[in-house]
Amino acid sequence: MRAYEAVQAARSNRRPTAKTYIDRMIDGFIELHGDRRFGDDHAVIAGIGLLEGAPVTVIGIEKGSTTDEKIYRNFGQANPEGYRKALRQIKLAEKFHRPILCLVDTAGAYPGLGAEERGQGEAIAENMYELSTVRTPVLSIIVGEGGSGGALALAVADEVWMLEDAYYSVISPEGAASILWKDSTQAERAAECLKLTATDLKSLGVIERIIPTTDLAGAHMDALRAAVASKLREKQALDTYDLLEERYQRFRKMGGDFQ
Amino acid sequence: MNRNLFGWGQADTAAKPVAPQLPKPPEQPYTSCPECKSLYLSEELHRGGGVCPVCNHHLRIPARARIAFFADPGSFWEFWPELQGGDPLDFPNYVKKLTQARIKSGETEGVITGECTIGGNQTCIFAMDPGLMMGSMGSAVGEKITRLFEHAAEKQLPVVGFCLSGGARMQEGALSLMQMAKTTSAVKRHSDAGGLFVSVLCDPTTGGVMASFAMEGDIIIAEPNALCGFAGQRVIEQTIRQQLPPGFQRAEFLLEKGFVDMVCDRRELRGRLAEILRLHRREAE
Numbered sequence: 057m058r059a060y061e062a063v064q065a066a067r068s069n070r071r072p073t074a075k076t077y078i079d080r081m082i083d084g085f086i087e088l089h090g091d092r093r094f095g096d097d098h099a100v101i102a103g104i105g106l107l108e109g110a111p112v113t114v115i116g117i118e119k120g121s122t123t124d125e126k127i128y129r130n131f132g133q134a135n136p137e138g139y140r141k142a143l144r145q146i147k148l149a150e151k152f153h154r155p156i157l158c159l160v161d162t163a164g165a166y167p168g169l170g171a172e173e174r175g176q177g178e179a180i181a182e183n184m185y186e187l188s189t190v191r192t193p194v195l196s197i198i199v200g201e202g203g204s205g206g207a208l209a210l211a212v213a214d215e216v217w218m219l220e221d222a223y224y225s226v227i228s229p230e231g232a233a234s235i236l237w238k239d240s241t242q243a244e245r246a247a248e249c250l251k252l253t254a255t256d257l258k259s260l261g262v263i264e265r266i267i268p269t270t271d272l273a274g275a276h277m278d279a280l281r282a283a284v285a286s287k288l289r290e291k292q293a294l295d296t297y298d299l300l301e302e303r304y305q306r307f308r309k310m311g312g313d314f315q
Numbered sequence: 031m032n033r034n035l036f037g038w039g040q041a042d043t044a045a046k047p048v049a050p051q052l053p054k055p056p057e058q059p060y061t062s063c064p065e066c067k068s069l070y071l072s073e074e075l076h077r078g079g080g081v082c083p084v085c086n087h088h089l090r091i092p093a094r095a096r097i098a099f100f101a102d103p104g105s106f107w108e109f110w111p112e113l114q115g116g117d118p119l120d121f122p123n124y125v126k127k128l129t130q131a132r133i134k135s136g137e138t139e140g141v142i143t144g145e146c147t148i149g150g151n152q153t154c155i156f157a158m159d160p161g162l163m164m165g166s167m168g169s170a171v172g173e174k175i176t177r178l179f180e181h182a183a184e185k186q187l188p189v190v191g192f193c194l195s196g197g198a199r200m201q202e203g204a205l206s207l208m209q210m211a212k213t214t215s216a217v218k219r220h221s222d223a224g225g226l227f228v229s230v231l232c233d234p235t236t237g238g239v240m241a242s243f244a245m246e247g248d249i250i251i252a253e254p255n256a257l258c259g260f261a262g263q264r265v266i267e268q269t270i271r272q273q274l275p276p277g278f279q280r281a282e283f284l285l286e287k288g289f290v291d292m293v294c295d296r297r298e299l300r301g302r303l304a305e306i307l308r309l310h311r312r313e314a315e
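Protein sequence lines correspond, in order, to chains A and B.
Counting the first sequence from 1 gives a position; the numbering used here is that position plus 56.
Counting the second sequence from 1 gives a position; the numbering used here is that position plus 30.
None of these hints come from the bench; they were simulated from the model.
Certain hints may be false.
[To be verified] Coverage of chain A stretches by chain B, computed from C-beta distances (three or more under 8 angstroms per stretch; other residues unrestricted):
hint, stretch
1, 223-231
2, 275-289
[Unchecked claim] Selected chain A positions facing chain B (Cβ under 7 angstroms, derived; list incomplete):
hint, residue
3, GLY84
4, LEU88
5, SER188
6, VAL190
7, PHE307
[Unchecked claim] Pair by pair, the computed Cβ-Cβ distance ranges are:
hint, chain 1, residue 1, chain 2, residue 2, range
8, B, VAL48, A, GLY312, 19 to 25 angstroms
9, A, ALA279, B, ARG308, 57 to 63 angstroms
10, B, VAL48, A, LYS126, 51 to 57 angstroms
Just so you know, even glycine gets a beta-carbon here, dropped at the ideal spot from N, CA and C.
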C-alpha cells in the first residue's frame with residue numbers, strides 16, 4: 057500500500073472508529089467520564105469491561121461517524137482534559153491490576169487556544185511519563201490515524217499494533233510538505249518520505265504487529281479479539297519487574313543502538 | 031552507595047568524560063539585539079550570557095556558550111561528543127541540511143551533555159543548540175539525553191537541562207517521535223531513583239520536546255519571554271480562525287497558567303540553580 061493511500065484510508069469516513077471496536081470486542085462496557093480536574097473530553101472514551109471474560113480498561117480516541125457525532129467528538133482531537141481522563145483510568149487500572157487496551161485514532165492533539173492554556177504539552181508528557189512505568193500490561197493499537205504526540209500519549213505500551221491501512225507519523229503529511237516545500241498540496245510526496253505505513257514502521261521496529269483488515273471480520277472482530285486477549289494474558293503472566301524492564305528496553309533501542 | 035534497581039548503565043553506553051572543545055568563534059563577529067538593535071561583539075555578548083544590557087532581551091545563544099556561562103569555570107566534562115545520528119529514512123536533503131548545520135555550528139548534534147559543577151554543586155547538564163536545526167530531537171539527541179539521565183540515576187546526580195527545540199526532527203519520522211517516549215522513560219527512572227531534574231525552558235521550547243522531558247522537570251524554570259508551547263502558533267490560528275492574544279505561549283503566560291515554577295532572568299539563574307541544587311544535595315549515605 058502506498059503511503060498516501062494509507063493516509064486517506066485512515067481518514068476515511070467509512071472506517072470503524074474506536075467505539076466500534078469497543079462495542080464488538082468488549083462485553084458489558086461501562087464508560088467512565090471526566091478527568092476530575094476540568095471537564096469531560098468527548099474525544100476520549102474510557103471505561104472498563106470484559107475481554108474474553110477478563111476485566112480490562114479500554115481507552116480510545118473517538119472521531120465519531122456522523123457529522124453531529126464528529127462535532128461532539130471534536131473530530132477525535134483531544135484536549136488536555138482528554139489525556140488527563142485517560143490518565144485517571146490508567147491509574148485505576150494499575151490499582152486493580154487490569155490490563156489496558158488503547159485504541160488510537162487521531163489526527164493529533166487539538167491545537168487550540170484553551171488546549172495550550174490548560175497545558176497540552178504537559179498533559180501528553182505526563183501520560184507518557186506515567187505509562188512508562190505503569191505496573192500493568194499496556195497494548196496500544198493504531199486503528200486509524202496515529203497523529204504525532206497526540207497519538208503517542210496513548211501509545212507508550214508493551215506492544216504497539218497497527219491496522220494494515222493505518223498510519224503513524226511525527227507530523228501530518230500536509231504539515232511536512234508545507235515546511236519542506238512551502239506547499240501543503242505536496243502531501244502525497246511528503247507521506248512517502250515520512251515512512252508512515254504499518255509496513256515501514258514494522259521494519260523500523262516502531263510497531264510489533266500489523267493487523268490485516270480481515271481480522272476485523274465477524275460479529276466480535278473474532279481474530280483481533282482473540283489476538284488482543286492472548287497478548288494481554290501473556291503480558292500479565294510476566295513478573296512486574298520483567299514487564300517494566302521490557303517496556304523500557306522497547307523504547308530504549310529505538311533509533312539505533314549507537315555502539 | 032550505588033543502588034542499581036533496574037540493572038542499567040551498561041558498559042557500552044557508560045560516560046567517558048572528555049575535555050570539551052572550546053566554543054567555536056561566532057560565525058558573525060557582531061550581533062545585533064533583535065529587539066532594540068543595539069550592536070555587540072558576539073563573543074562578549076555570549077560571555078555575558080547573551081542578554082542585551084540595554085533592553086534585557088534574552089538572545090538565543092549556542093549550547094556551548096550557555097554551558098560556559100552556567101558551569102563553574104573549568105568544571106565541565108563532556109560525554110559522548112562524537113555521537114551522531116544517521117539518515118534512517120533516506121529523507122530528501124536531510125544529510126545535506128545536517129552537514130551544513132554541523133559545519134556552521136561546529137557541533138555534531140543538537141544537544142551537548144556532560145557533568146559540571148554549578149556554584150560548587152556537582153550536576154549532570156545538557157544544553158540544546160539552536161544552530162543545529164533549532165535543537166530538533168532526532169535519534170542521536172534522544173540517545174544523548176537518555177544516556178545522561180541513566181548516568182545521573184546511577185551516580186545519584188541531579189540533572190539541569192536547558193531545553194531549546196523546535197520539537198521532534200521530522201526528517202527522522204516516527205523514530206524521532208519515539209525519542210519522546212525514550213527520553214521520558216529515562217527521566218521517569220531517574221526520578222524514581224530519587225533524582226532531581228531542573229528543566230529550564232529557553233526560547234523556543236515547542237512541539238515534541240515541550241510534550242516530553244521539558245515539562246517533566248521537578249522544577250521548571252522559564253527564561254523571560256521564551257516561547258513555550260505544544261502546537262505551533264500558525265496552526266492554532268488556522269484552527270480557531272482568530273488572532274492569538276499578545277503574550278500567548280510566552281514564559282509569563284505559562285507562569286500565569288501554573289505550568290512553570292518561575293520565570294528567571296538568565297543573569298540571576300546561575301545563582302538560583304546553585305541554591306536549588308544545594309537544597310537538594312544528597313548527603314553521603
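Q. Hint numbers the structure violates, sorted upward?
A. Violated hints: 2, 3, 4 and 6; rest satisfied.
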